[in-house]
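S.K.: The residues making up each chain are set out below.
Number of protein chains: 6
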Amino acid sequence: VQYTDKYFEDYEVGETFERRDVRTITDAEVTNFAGVSGDFHPLHMSDEFAAKTPYGERVAHGDLVFVLAEGLVGETNLHSVSYGHDNLRFVEPVYLGDTLSFHREVIETADYDEQWGRVVYRYTIRNQTDEVVLVDDHITLVEKRPA
Amino acid sequence: VQYTDKYFEDYEVGETFERRDVRTITDAEVTNFAGVSGDFHPLHMSDEFAAKTPYGERVAHGDLVFVLAEGLVGETNLHSVSYGHDNLRFVEPVYLGDTLSFHREVIETADYDEQWGRVVYRYTIRNQTDEVVLVDDHITLVEKRPA
Amino acid sequence: VQYTDKYFEDYEVGETFERRDVRTITDAEVTNFAGVSGDFHPLHMSDEFAAKTPYGERVAHGDLVFVLAEGLVGETNLHSVSYGHDNLRFVEPVYLGDTLSFHREVIETADYDEQWGRVVYRYTIRNQTDEVVLVDDHITLVEKRPA
Amino acid sequence: VQYTDKYFEDYEVGETFERRDVRTITDAEVTNFAGVSGDFHPLHMSDEFAAKTPYGERVAHGDLVFVLAEGLVGETNLHSVSYGHDNLRFVEPVYLGDTLSFHREVIETADYDEQWGRVVYRYTIRNQTDEVVLVDDHITLVEKRPA
Amino acid sequence: VQYTDKYFEDYEVGETFERRDVRTITDAEVTNFAGVSGDFHPLHMSDEFAAKTPYGERVAHGDLVFVLAEGLVGETNLHSVSYGHDNLRFVEPVYLGDTLSFHREVIETADYDEQWGRVVYRYTIRNQTDEVVLVDDHITLVEKRPA
Amino acid sequence: VQYTDKYFEDYEVGETFERRDVRTITDAEVTNFAGVSGDFHPLHMSDEFAAKTPYGERVAHGDLVFVLAEGLVGETNLHSVSYGHDNLRFVEPVYLGDTLSFHREVIETADYDEQWGRVVYRYTIRNQTDEVVLVDDHITLVEKRPA
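Residue numbers (the numbering used here), protein chains in the order written: chain A, 88 to 234; chain B, 88 to 234; chain C, 88 to 234; chain D, 88 to 234; chain E, 88 to 234; chain F, 88 to 234.
By construction, these hints were calculated from the structure, which means they are not laboratory data. One thing to keep in mind: the hints can contain errors.
The list treats identical chains as one, so a pair stands whether inside a single copy or across any two.
[As the list claims (entries may be wrong)] Below 25 Å or equal to it, Euclidean Cα-Cα: the simulated DSS-like pairs (lysine-lysine) are:
no., residue 1, residue 2
1, Lys93, Lys231
2, Lys139, Lys93
3, Lys139, Lys231
Excised from the complex, chain A in its bound form (with noise of 0.2 Å):
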């Protein structure tokens, strides 16, 4: 747990953060994900599902590699709260075996009211071929500096 410690000033659109090949999607991580969502369609859980289907095998869930995304390169910063998403898309299928590399970069600081800015950090996964398999933008709240 590391934490960062930046007010909404220490913000500058265009910072980048970056962890290559850092998690392989396996089927203990789908069937834990299933277990906790309560998701358990058969595309993720059925060899002999998936394979009548056109992705031929088990594929995982979207939103599993979503969450990946918060606790493999998001911030903690005690001074940040999580206000929402947009723009989250699943571009591409995930098998089983894929190894993904996380890309965080600030998109948009914005004045929110006199306390908090607005910090915006767009996702992108990357499949171990480089192809993206999910973008996503989390918009998130940043303290002021006190004065």
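Starting from the known structure of chain A, arrange chains B, C, D, E and F on it as the hints suggest.
M.R.: What follows is chains B, C, D, E and F alone, placed relative to chain A:
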């Protein structure tokens, strides 16, 4: 695992589905979600830390509440694929012990291409005092009925 | 979570429900079941041990296959309670990688007392080569329709 | 992992084994069992839902209590295989916080075929007020002692 | 996942890192650790059993507290490998609900061979009343800076 | 859960206990251990990352192997408490798919105080090719037999 067997033409704006009081968010769910996502922020994991924040006690991961929506009231329609999400907003904190109700409504049906139509669901999740805690628009693509 | 809203009078012998190819039994499921049940028998947990048995490879816990039946094709009827099971038999071993199909049939409806009727389901679980691997009779009590 | 190294001839009707007060059923166990089995019935998962039922509060899955019996007092005998169960009955509800005692007794030994004998265990599980909550007859086959 | 990119020459005796109040030990963590390790001792798993011991209530596995140290304040340095541990001591019991603070200090740097140096961290874990509950010396090998 | 009911006077240096080929380390165990400990180092979690290290493939957490020792061959003696560990060494890497054998020997018995004696176990864990992968000395205190 209940399946829905509907084509694009079978969806109408305004259709709703709801499950009231279907899940209490507990320490076990938060702990398991932390283990899957890798997000061990002390606001979720530490009583002492959380007591010193404006929340006053541990708060569930917003992403946990989000992923439960799909598991609890999402449709398992074999003619449908998940395209993405917009307007995901963490409106109010969810505390351990809160019990959630999940509401889903079709808010848009639109042509996408020759094979697929676009169906957008709005999820609205409320706690036991009927406060909205999370909203989300889930964009799906649904196959058109074969000729 | 789909609910069935049926009273005792709504059940008839011969009703069936089926989900084909809905779950592949994997190492993750076996490992998680071991952790929940505390049953770490090396036939389930050790490749080397299992290789020296007549099975030749790791075998899933029979109880894991049993509990999946309720989760995958069990009815969530709020007018029903679980009374017990008879004739649960582990007919053939389930190996890691096997994909299971679940079949449920009402085999008995009978008066129980003034308030409840007895509804018995027979579960038949088959693997991907259509061999029966487990059978079980699930006895439930279902409320009679209020006058 | 303690093993028993007994042949069919070594079992006698009336042998007992017991573990008193060995497990408290908690929210974590219920949540993990739901994730493994896929059974998220709100009677197990929702305080608000359960409060409106005759039970008044959340109840553990009967199948969870059943599978613990094997893990806690089941014999790990490498000469034995699990054949099936009869007379599994959910006698009383198990609430979160209940502490269980597990009792096992050999109730039948019988010839099966040339190689195997049949050994039946009766499991009786009690809560902290000594009420029986679950009974089950576990049928196993045990190898006869080689000549 | 934050990485440290340091060579042996970059470490100095006396360097410290600390996370205060970062984790509350809960029933879910104890239950999950039992499932992973297979250690279901009733002192960890049974309220009734624990009540009759000098501890008076359930106690977390000492090994759970130990493994959290690496996850919470361990360095993820890609130039470093784990060599071993000495002086791991379970100083005081950790009860469910205790919140832990983790402190790490470099207590030794020494030549190991041509390629590697030895860096020893002392971990000191305290509870919410600032009692030391666990100490441990973690011996690592760190690559020397390439010429 | 098998208990040992021994007092300090019942232990002798040289006593051994062994379980051969009792556990295969799998992706599921590594993933679950990461989730419990919070240690998601890519050497454990990423095929692509591990392929570029001298190990060539994913390696299990050393601490996972350590905690399994207690669960697999540790004594559950109600007259005993865990005092600490010394000489824990990660001798060789454990790869996914390796099957482990656990060996425990009493290497020291010594007076501690009026009430307790000290019993030290040496654990030696080997893989399927009989290489030692981990050693550890577990120091316990065991009650002296009441007069």
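S.K.: Evaluate each hint against the coordinates.
M.R.: Here's how the hints hold up against the structure:
1. Lys93 x Lys231: within (9 Å within a copy, 33 Å between copies)
2. Lys139 x Lys93: So Lys139 and Lys93 pass the 25 Å test across copies only (19 Å; inside, 50 Å).
3. Lys139 x Lys231: For Lys139 and Lys231, the Cα distance is within 25 Å only across copies (19 Å; inside one copy 53 Å).
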